[in-house]
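Visitor: Generate the whole structure from the sequences, applying the supplied hints.
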Amino acid sequence: MIEVNTKNLLKEIPEQNCFGEKITLVAAVKLQSVENINRAIAAGIEVIGDNHVQEFKDKYDQIVGKVKRHFIGHLQTNKVKYLIGKCDLYHSVDRLSLAEEISKRSAKAGVEANALIQVNIGNEESKGGFDLDELDAAYATIKAMPALKIKGLMAMLPYIDDEVELRRLATLMRKKFDELKAVDKDFEYLSMGMSGDWRLCVECGSNMIRVGTTIFGQRNY
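Numbering (our numbering), first residue to last: 6 to 226.
Quick caveat, the hints were computed from the structure, so don't treat them as lab data.
Quick reminder that beta carbons are idealized off the backbone N, C-alpha and C, glycines included.
There are no misleading hints in this set.
Distance ranges between label pairs, derived from CB positions:
#: 1; residue 1: Glu139; residue 2: Glu170; range: 14 to 24 Å
#: 2; residue 1: Cys23; residue 2: Val169; range: 12 to 22 Å
#: 3; residue 1: Gly90; residue 2: His57; range: 12 to 22 Å
#: 4; residue 1: Val116; residue 2: His57; range: 16 to 26 Å
#: 5; residue 1: Asn83; residue 2: Val9; range: 37 to 47 Å
#: 6; residue 1: Ser200; residue 2: Leu101; range: 22 to 32 Å
#: 7; residue 1: Gln21; residue 2: Asp136; range: 24 to 34 Å
#: 8; residue 1: Glu139; residue 2: Glu8; range: 39 to 49 Å
#: 9; residue 1: Ala112; residue 2: Gln223; range: 35 to 45 Å
#: 10; residue 1: Ala114; residue 2: Arg172; range: 39 to 49 Å
#: 11; residue 1: Asp66; residue 2: Thr176; range: 38 to 48 Å
#: 12; residue 1: Lys84; residue 2: Val169; range: 37 to 47 Å
#: 13; residue 1: Lys73; residue 2: Gly25; range: 17 to 27 Å
#: 14; residue 1: Thr218; residue 2: Glu168; range: 12 to 22 Å
Only pairs whose alpha carbons sit at most 25 Å apart, straight line, appear in this in silico DSS-like list of lysine-lysine:
#: 15; residue 1: Lys181; residue 2: Lys132
#: 16; residue 1: Lys154; residue 2: Lys190
#: 17; residue 1: Lys154; residue 2: Lys180
#: 18; residue 1: Lys86; residue 2: Lys64
#: 19; residue 1: Lys71; residue 2: Lys91
#: 20; residue 1: Lys27; residue 2: Lys154
#: 21; residue 1: Lys154; residue 2: Lys109
#: 22; residue 1: Lys109; residue 2: Lys148
#: 23; residue 1: Lys73; residue 2: Lys16
#: 24; residue 1: Lys16; residue 2: Lys71
#: 25; residue 1: Lys180; residue 2: Lys132
#: 26; residue 1: Lys190; residue 2: Lys73
#: 27; residue 1: Lys148; residue 2: Lys190
Guide: Structure, rendered in structure tokens:
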């Protein structure tokens, strides 16, 4: 089933979004077995995203194939040390203290980290990230940190049954992404869209989506 789900999803995802950018699929592998992850990779997955540092560590050497490793979950500063030099892209830089820790640890290890700034586009108390009106200042501060390259923005749309509002928020994210991309040659990714809303997000300009349930089925918590 994983193989069929993966191949069907890869066929459904457009090669490019409306801005002519390649769409990158990140398979969200939270709570998935090594066997299931490797099955998805064999079926065509090229990027996997972890939510928990312990899972990332435990499975790191058991993942087969040339697959990129992203960290897409909330990241505690005291666990950054376990990811340095192993994580290709941090999606959820949601506060300055986390950016500082990634920068410090990367510089000490002699590596450069790639990261996305997380935006709380729906102003939700339950989610981390910078409010839209805080983003410019946060970007300027993080941009100046050594050994840390900002590659774009990440957002999660609210879980609401209002397509008009979701499109408005997704379009706002794309507008902000374009503003920063115009002045920063490193800007490449707008990570927005999951199993339930990736189609809408791609239509609004997302070029990176994080999908788990569509590939692996409902998680068994």
